[in-house]
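When you get a sec, could you build the whole thing from the sequences and use the hints?
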Amino acid sequence: MADEAGKHIGEVLLSASNISLSFGAVHALTDVSADIREHEILAIIGPNGAGKTSLLNCINGVYHPQKGTITFEGEPRADLAPSEIARQGIARTFQNVALFKGMTTLDNIMTGRNTRLGGNFLKQALYWGSYQRDELEHRVLVEKIIDFLEIQAIRKVPVGRLPYGMQKRVELGRALAAEPRLLLLDEPMAGMNVEEKEDMSRFVLDVNDEFGTTIALIEHDMGVVMDISDRVIVLDYGRKIADGTPDEVRANQAVIDAYLGVSH
Amino acid sequence: MEFDPFLYIQALFDGLLAGIMYSLVALGFVLIFKASGVFNFAQGTMVLMAALTFVSLLEMGWNILLAGAVTIAALVLLALAIERVVLRPLVNQAPIILFMATIGLNFVIEGGTQMVWGSDPHSLELGDPYASFEIGPLFFNNNELYAAVVAALLVAGLAIFFQKTRIGRALRAVADDHQAALSVGIPLQTIWVVVWTVAGIVAFVAGVVWGGRLGVQFSLALLALKALPVLILGGFTSIPGAIVGGLIVGASEKIAELLAFDLFGVGGVENFFPYLLAMVFLMFRPEGLFGDKIIERV
Chain G
1 MADEAGKHIG EVLLSASNIS LSFGAVHALT DVSADIREHE ILAIIGPNGA
51 GKTSLLNCIN GVYHPQKGTI TFEGEPRADL APSEIARQGI ARTFQNVALF
101 KGMTTLDNIM TGRNTRLGGN FLKQALYWGS YQRDELEHRV LVEKIIDFLE
151 IQAIRKVPVG RLPYGMQKRV ELGRALAAEP RLLLLDEPMA GMNVEEKEDM
201 SRFVLDVNDE FGTTIALIEH DMGVVMDISD RVIVLDYGRK IADGTPDEVR
251 ANQAVIDAYL GVSH
Chain W
1 MEFDPFLYIQ ALFDGLLAGI MYSLVALGFV LIFKASGVFN FAQGTMVLMA
51 ALTFVSLLEM GWNILLAGAV TIAALVLLAL AIERVVLRPL VNQAPIILFM
101 ATIGLNFVIE GGTQMVWGSD PHSLELGDPY ASFEIGPLFF NNNELYAAVV
151 AALLVAGLAI FFQKTRIGRA LRAVADDHQA ALSVGIPLQT IWVVVWTVAG
201 IVAFVAGVVW GGRLGVQFSL ALLALKALPV LILGGFTSIP GAIVGGLIVG
251 ASEKIAELLA FDLFGVGGVE NFFPYLLAMV FLMFRPEGLF GDKIIERV
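In order, the protein sequence lines correspond to chains G and W. All residue numbers for the first sequence refer to the working numbering, where the first residue is 1 and numbers rise by one. All residue numbers for the second sequence refer to the working numbering, where the first residue is 1 and numbers rise by one.
Hints were generated in silico from the structure; no laboratory data involved. Where a beta carbon is used, it is the ideal one built from N, C-alpha and C, also for glycine. A couple of the hints might just be wrong.
Label-pair ranges, simulated between beta-carbon atoms [unchecked claim]:
no. : chain 1 : residue 1 : chain 2 : residue 2 : range
1   : G       : Asp227    : W       : Gln93     : 37 to 43 angstroms
2   : G       : Gln95     : W       : Trp62     : 54 to 60 angstroms
3   : G       : Thr245    : W       : Ala81     : 52 to 58 angstroms
4   : W       : Leu214    : G       : Gly49     : 54 to 60 angstroms
5   : G       : Ala78     : W       : Leu214    : 22 to 28 angstroms
6   : W       : Leu282    : G       : Gly10     : 54 to 60 angstroms
7   : W       : Leu66     : G       : Ser33     : 58 to 64 angstroms
8   : W       : Met115    : G       : Lys144    : 55 to 61 angstroms
9   : G       : Ala190    : W       : Val91     : 22 to 28 angstroms
10  : W       : Arg213    : G       : Glu150    : 54 to 60 angstroms
Pasting the structure below:
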């Protein structure tokens, strides 16, 4: 993928350097450094409990690492709340679909526009002069996303009624609506059948290709990971044990040991 | 017993007026439920706290506007404190945990209010409580009409606020999933402070209106119980639902009382009828008249 024509991986967009995160005596992340470069698809893999989601959670501000710094767009970042980080252009999806279940597909994706409204929250709440006009503008983009993800048919359906695979797709749509600089996907294909995985892989590649969005994703399906990612980093027991192209990682002895176990 | 149709018409109007006042109390619940998916057990106590603060300041000889402003300031402080101390540490917890927290909150507010203002009942007189007028054979109490007008204005204002601004969708999002709301950039904490403040102000209005009727005393907090059937009828998430629910509860309990007396010669039906009605609703339409549909996948 990486050497395909037209795709050029750019500067470092986000860089985590030496971050450590622990909960009491549990070390979720120890001294992890990782770069995410512009326009790339980076896969984060590792056995269960390796700290993959913790890493994403540090990047989007759910957790604040006790040590280390995160640099976004060249500037070291203070400890911000997830909503502030969302406003800086980092959108994400969750392992266990976190959609607004009572709301329709359309409304869910509209909430993704929230970071693009400008002004602070109170100003938005109190000023409704241009509400209708704004709403229309945002609708145009949201409808494009709905077309792109091929979910026109479920536009008005409350997402709680949708099958799981569709919910994952709506969640991707909501993240896309923010027009993020960096898109974090936490197990976008978990629990999907082969066909749904193929669809989702295609959407991830298309998002990366058409919008140039930088993507960091966690995935367990090695076939998918090796197919779609430009680079892979591997975590094990909260430490980074490998970082490289899919082929390099596949051949890495430490990675094989982490997945298959070592004989003592 | 002779059947008197005017008695029923009078009861209907009395009931509707009382109903609007139930709606006022129910409205506070709806606001917080919409914004956090949590049933706020402390709403009734907030009514009491606001009314008692206001009436105590008046009795100390404060100007009515100043007393009102200070009461509202106290409610803003309360909202800030609740967000910081109770809600923020409980982000992303199950609704039942937040509900339990509001039970604790209820007693803290009640105790705090008692500590500051004591537990004596106060009377709150706004205008002549007995002023009334007649239309044909029907009597209307002026104060009750004023209260109804105030309630109607408040409700209309809130309905516009939630429907004509983007805050409506943000609120539903917050109520549905905290983590997801944060990830799309909705500032949870600001929303909570705003909503608890607005719910506090609604409680204040309810407290003044009811306090004028029943006196400002600790039993005001029990008004919350009257709001329950209103919420079940109207739906926990709907502002218009709180109004319609209040009207139905108010009117039907008065009519039921009269009817039971005329037919069977028994009284006291008024006290349990709304709950009976609510139970029937729970069986056939658990989301209420206007609430969000309950979605279930089997």
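Verification of the hints:
Between Asp227 of chain G and Gln93 of chain W the CB atoms are about 39 angstroms apart, so this pair conforms to the stated range of 37 to 43 angstroms. Distance hint for Gln95 of chain G and Trp62 of chain W: a CB-CB separation of about 55 angstroms, consistent with the stated range 54 to 60 angstroms. Checked against the hint of 52 to 58 angstroms, the pair Thr245 of chain G and Ala81 of chain W passes, with Cβ atoms roughly 54 angstroms apart. Between Leu214 of chain W and Gly49 of chain G the beta carbon distance is about 59 angstroms. The supplied range of 54 to 60 angstroms therefore holds.
For the pair Ala78 of chain G and Leu214 of chain W, the beta carbons lie near 52 angstroms from each other, so the given range of 22 to 28 angstroms is not met. The hint said 54 to 60 angstroms for the Cβ distance between Leu282 of chain W and Gly10 of chain G, and at roughly 58 angstroms that hint holds. Separated by about 59 angstroms at the C-beta atoms, Leu66 of chain W and Ser33 of chain G satisfy the suggested range of 58 to 64 angstroms. One distance hint, 55 to 61 angstroms for the beta-carbon pair Met115 of chain W and Lys144 of chain G, holds here, with the actual separation near 58 angstroms.
With their beta carbons about 24 angstroms apart, Ala190 of chain G and Val91 of chain W fall inside the hinted range of 22 to 28 angstroms. A C-beta distance of roughly 59 angstroms is found between Arg213 of chain W and Glu150 of chain G, which places it inside the suggested range of 54 to 60 angstroms.
Of the numbered hints given earlier, the model fails hint 5 alone.
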